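With the hints as constraints, model all of the structure from the sequences given.
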Amino acid sequence: MTLRGRTALVTGGTDGLGRAIARRLAAEGVRVWATSRRRERLDPLVAECGGAVRPLELVLEEPGSIDAAYRQATQEIGGAPDLVVNNAGYGVFGEFAAVPAEDWSRQVAGMLGGSMRLAQCAWADWRRTGQAATLVNVSSLAAEFPLPFLSGYNAVKSGLSALSESLMMEARGTAIVVIDFRPGDYRTGFNAAVSPRAHAPVPTRVWRRLEEIMAGAPEPARAADDLRRAVVRNRSGIVRSGSWFQATLAPAASRLLPESVKRALTARYFQLP
Numbered sequence: 001m002t003l004r005g006r007t008a009l010v011t012g013g014t015d016g017l018g019r020a021i022a023r024r025l026a027a028e029g030v031r032v033w034a035t036s037r038r039r040e041r042l043d044p045l046v047a048e049c050g051g052a053v054r055p056l057e058l059v060l061e062e063p064g065s066i067d068a069a070y071r072q073a074t075q076e077i078g079g080a081p082d083l084v085v086n087n088a089g090y091g092v093f094g095e096f097a098a099v100p101a102e103d104w105s106r107q108v109a110g111m112l113g114g115s116m117r118l119a120q121c122a123w124a125d126w127r128r129t130g131q132a133a134t135l136v137n138v139s140s141l142a143a144e145f146p147l148p149f150l151s152g153y154n155a156v157k158s159g160l161s162a163l164s165e166s167l168m169m170e171a172r173g174t175a176i177v178v179i180d181f182r183p184g185d186y187r188t189g190f191n192a193a194v195s196p197r198a199h200a201p202v203p204t205r206v207w208r209r210l211e212e213i214m215a216g217a218p219e220p221a222r223a224a225d226d227l228r229r230a231v232v233r234n235r236s237g238i239v240r241s242g243s244w245f246q247a248t249l250a251p252a253a254s255r256l257l258p259e260s261v262k263r264a265l266t267a268r269y270f271q272l273p
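Numbering (our numbering), first residue to last: 1 to 273.
What the hints contain is simulated information worked out from the structure, not anything from laboratory work.
Wrong hints could be hidden among the right ones.
Once the Cα atoms are required to be at most 25 angstroms apart in a straight line, the calculated SDA-like pairs of lysine to any residue come out as [stated by the list, open to error]: (1) 262 / 151; (2) 262 / 249; (3) 262 / 147; (4) 262 / 217; (5) 262 / 154; (6) 262 / 204; (7) 262 / 207; (8) 262 / 240; (9) 262 / 161; (10) 262 / 208; (11) 262 / 252; (12) 262 / 211; (13) 262 / 245; (14) 262 / 244; (15) 262 / 213; (16) 262 / 95; (17) 262 / 146; (18) 262 / 212; (19) 262 / 214; (20) 262 / 239; (21) 262 / 251; (22) 262 / 148; (23) 262 / 237; (24) 262 / 141; (25) 262 / 165; (26) 262 / 162; (27) 262 / 205; (28) 262 / 206; (29) 262 / 202; (30) 262 / 203; (31) 262 / 248; (32) 262 / 158; (33) 262 / 201; (34) 262 / 238; (35) 262 / 273; (36) 262 / 159; (37) 262 / 216; (38) 262 / 145; (39) 262 / 209.
Quick caveat, the model's predicted, so the values are computed rather than measured.
Structure (structure tokens):
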């Protein structure tokens, strides 16, 4: 399967994994529509990739913004995109009781509800026309190994994985491929974009550990390469990406270990008491 000449809609293209994915697809000859909450933040990506990347303003918490961005993309493409990558997201770090409820609501509404709405827009077109297409929901290894003090992020990413499993079943007998992409830690600006709401000793220690892990993580281009291979493979399923320890060893070991042991090892990894 070749990617050249195909079209893609990638959310969260400003930096991190979204930017790396958009760049990788553009390098393969894919015409990419990349989104950001503020269109001008995509200028560096557009300048780098030239006419291969087109910017779109999209606010995932606003259904009208999603519909408008999707409508603009389809008008410029002349139909539905061949590939939709639900990547945009962020974290809110803090003790569960200390995080304002509106922060959870905003995160769930955008990262889960908004991603579902965008997927539904494309899905309806794909089913109506019988188009061969691929939906990628960028979940996280946090769906398997939840991160301490990032409860909302864990819940949303688990929800995206559950959505992917549901759609894989609905896609049977169609030309639609669904990929549940689960990256581990990558050296992106994720931590800088997290809204920390923790000053107690334990959360502070965990935050320092998260920053230490991020500093030694692979570059996001590796995740883009892994996703590119998965899209070319053209098969629905779960795709894990990251360091050998996070993406290969830990998931394999977790299938053999009791949940209590897995939980204890995870707590030790993040330096919890």
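For each hint, the structure was consulted:
As the CA atoms of residue 262 and residue 151 are separated by approximately 18 angstroms, the hinted pair is consistent with the 25 angstroms bound. Simply put, residue 262 and residue 249 have alpha-carbon atoms about 13 angstroms apart, close enough for the 25 angstroms limit, and the pair holds. Of the supplied pair hints, the one linking residue 262 and residue 147 holds, its CA atoms being roughly 13 angstroms apart against a limit of 25 angstroms. For the hint pairing residue 262 with residue 217, the CA-to-CA distance comes to about 22 angstroms; that is within 25 angstroms, so the pair holds.
A hinted pair counts as satisfied when its Cα atoms are at most 25 angstroms apart, and residue 262 with residue 154 qualifies at roughly 16 angstroms. Pair hint residue 262 plus residue 204 holds up; C-alpha atoms about 23 angstroms apart against a cutoff of 25 angstroms. The hinted pair formed by residue 262 and residue 207 meets the criterion: a straight-line CA distance of about 21 angstroms does not exceed 25 angstroms. Restraint check for residue 262 and residue 240: satisfied, since their Cα atoms lie roughly 18 angstroms apart, inside the 25 angstroms limit.
A threshold of 25 angstroms between alpha carbons decides the hint, and for residue 262 with residue 161 the separation of about 20 angstroms falls inside it, so the pair holds. Between residue 262 and residue 208, the direct Cα distance comes to roughly 22 angstroms. Compliance with the 25 angstroms bound is thereby established for this hinted pair. Among the hinted pairs, residue 262 with residue 252 is consistent with the structure: their alpha-carbon atoms are about 11 angstroms apart, no more than 25 angstroms. This hinted pair checks out: residue 262 and residue 211 have alpha carbons roughly 22 angstroms apart, not beyond 25 angstroms.
Only pairs whose Cα atoms come within 25 angstroms are accepted, and residue 262 paired with residue 245 is accepted, the gap being roughly 14 angstroms. For the suggested pair residue 262 and residue 244, the alpha carbons sit about 18 angstroms apart, so the restraint of at most 25 angstroms is met. Of the pairs offered as hints, the one joining residue 262 and residue 213 holds, with about 19 angstroms between alpha carbons and a cut-off of 25 angstroms not exceeded. Note on residue 262 and residue 95: the hinted pairing holds, with a Cα-Cα distance of about 21 angstroms set against a maximum of 25 angstroms.
Taking the CA atoms of residue 262 and residue 146, the gap is near 11 angstroms; set against the 25 angstroms cutoff, the hint holds. Of the supplied pair hints, the one linking residue 262 and residue 212 holds, its CA atoms being roughly 21 angstroms apart against a limit of 25 angstroms. Our distance criterion of 25 angstroms between C-alpha atoms is met by residue 262 and residue 214, whose separation comes to about 21 angstroms. A distance of roughly 21 angstroms separates the Cα atoms of residue 262 and residue 239; the hinted pair therefore holds under the 25 angstroms criterion.
A C-alpha spacing of about 10 angstroms is found between residue 262 and residue 251, which places the hinted pair at or below 25 angstroms, so the restraint holds. Taken as a hint, the residue 262 and residue 148 pair is honoured in the structure, with Cα atoms around 14 angstroms apart against an allowance of 25 angstroms. A C-alpha spacing of about 24 angstroms is found between residue 262 and residue 237, which places the hinted pair at or below 25 angstroms, so the restraint holds. Between the alpha carbons of residue 262 and residue 141 the distance comes to roughly 14 angstroms, so the proposed pair stays at or under 25 angstroms and holds.
The hinted pair formed by residue 262 and residue 165 meets the criterion: a straight-line CA distance of about 23 angstroms does not exceed 25 angstroms. A threshold of 25 angstroms between alpha carbons decides the hint, and for residue 262 with residue 162 the separation of about 21 angstroms falls inside it, so the pair holds. Our distance criterion of 25 angstroms between C-alpha atoms is met by residue 262 and residue 205, whose separation comes to about 21 angstroms. Our distance criterion of 25 angstroms between C-alpha atoms is met by residue 262 and residue 206, whose separation comes to about 18 angstroms.
In summary, the hint linking residue 262 to residue 202 is supported, as the alpha carbons are separated by about 20 angstroms, within the 25 angstroms threshold. For a cut-off of 25 angstroms, the pair hint linking residue 262 to residue 203 stands: about 20 angstroms separates their Cα positions. For the given pair, residue 262 sits about 15 angstroms from residue 248 by alpha-carbon distance, which is consistent with the 25 angstroms threshold. A distance of roughly 17 angstroms separates the Cα atoms of residue 262 and residue 158; the hinted pair therefore holds under the 25 angstroms criterion.
The suggested pairing of residue 262 with residue 201 holds, with an alpha-carbon distance near 24 angstroms, which does not exceed 25 angstroms. About 20 angstroms separates the Cα atoms of residue 262 and residue 238, which keeps this hinted pair within 25 angstroms; it holds. Taken as a hint, the residue 262 and residue 273 pair is honoured in the structure, with Cα atoms around 15 angstroms apart against an allowance of 25 angstroms. For the hint linking residue 262 to residue 159, the alpha-carbon distance of about 21 angstroms falls within 25 angstroms, and the restraint holds.
About 23 angstroms separates the Cα atoms of residue 262 and residue 216, which keeps this hinted pair within 25 angstroms; it holds. Simply put, residue 262 and residue 145 have alpha-carbon atoms about 9 angstroms apart, close enough for the 25 angstroms limit, and the pair holds. Pair hint residue 262 plus residue 209 holds up; C-alpha atoms about 18 angstroms apart against a cutoff of 25 angstroms.
Checked against the numbered hints above, the structure violates none of them.
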